[in-house]
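Since the structure of chain A is already known, use the hints to place chain B on it.
Residue numbers (our numbering), protein chains in the order written: chain A, 1 to 113; chain B, 1001 to 1111.
Careful, some of the hints might be misleading.
Stated by the list, open to error - Covered stretches of chain B, going by a simulated chain A footprint (3 or more residues, C-beta under 8 angstroms):
1) 1039-1053
2) 1061-1072
3) 1100-1111
Calculated from the structure, these hints are not laboratory results. Glycine included, each C-beta is placed from N, C-alpha and C at the ideal position.
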Amino acid sequence: KAGVTQTPRYLIKTRGQQVTLSCSPISGHRSVSWYQQTPGQGLQFLFEYFSETQRNKGNFPGRFSGRQFSNSRSEMNVSTLELGDSALYLCASSLGGAGDTQYFGPGTRLTVL
Amino acid sequence: DAKTTQPTSMDCAEGRAANLPCNHSTISGNEYVYWYRQIHSQGPQYIIHGLKNNETNEMASLIITEDRKSSTLILPHATLRDTAVYYCIVKEIQGAQKLVFGQGTRLTINP
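Here chain A stands alone, though its shape is the one from the complex (with noise of 0.2 angstroms):
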């Protein structure tokens, strides 16, 4: 089975742009959250998706948003980025049961100018 995949893996915005990126799960996961990795604040979760529906959310600002397509593929948008949020963007994917393990994909770096 192919991993879970991500794209782009590097991007470079400026402040005030938007961003979109992407996250295509491990086939038959229905579920994919999503975290932010900084040098700062470490690993943190920012939400996940279940069925095409925001199950979980993290402590986030509403310029952190993301969706859920009905094939599990999920994208998460950020706006009016900021310096801060450049980061190392990750997906994590798995069947959606409260037991059932997380796989991540590679990441995608964003870095805010």
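Relative to chain A, chain B alone:
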């Protein structure tokens, strides 16, 4: 906040067993112990998880104490490719699909 405590860094010689400790003294009966590792700037890689019994797979062994307040991840024959940050995470069996990462242990395998 993370519910686990891990040493900041550890060293191990190549070919030896690497034993990574994790303290989770407030763990409850319905929480798993998960281990992931992250090689520089890559996505975290799932290693193993357990509830109360010891577990072994092709990558590692997980030893959980009888009171479940601590655990040890064992990499039996460490190689240079095992150099990474190792995260120990507790997660509710019935909880949200949300992993709470601490700072992890930076394991360096030396030749």
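Each hint, compared with the structure:
no.: 1; hint: 1039-1053; verdict: holds (count 7)
no.: 2; hint: 1061-1072; verdict: violated (count 0)
no.: 3; hint: 1100-1111; verdict: holds (count 4)
Violated hints amount to a single one, hint 2; each of the other numbered hints is respected by the structure.
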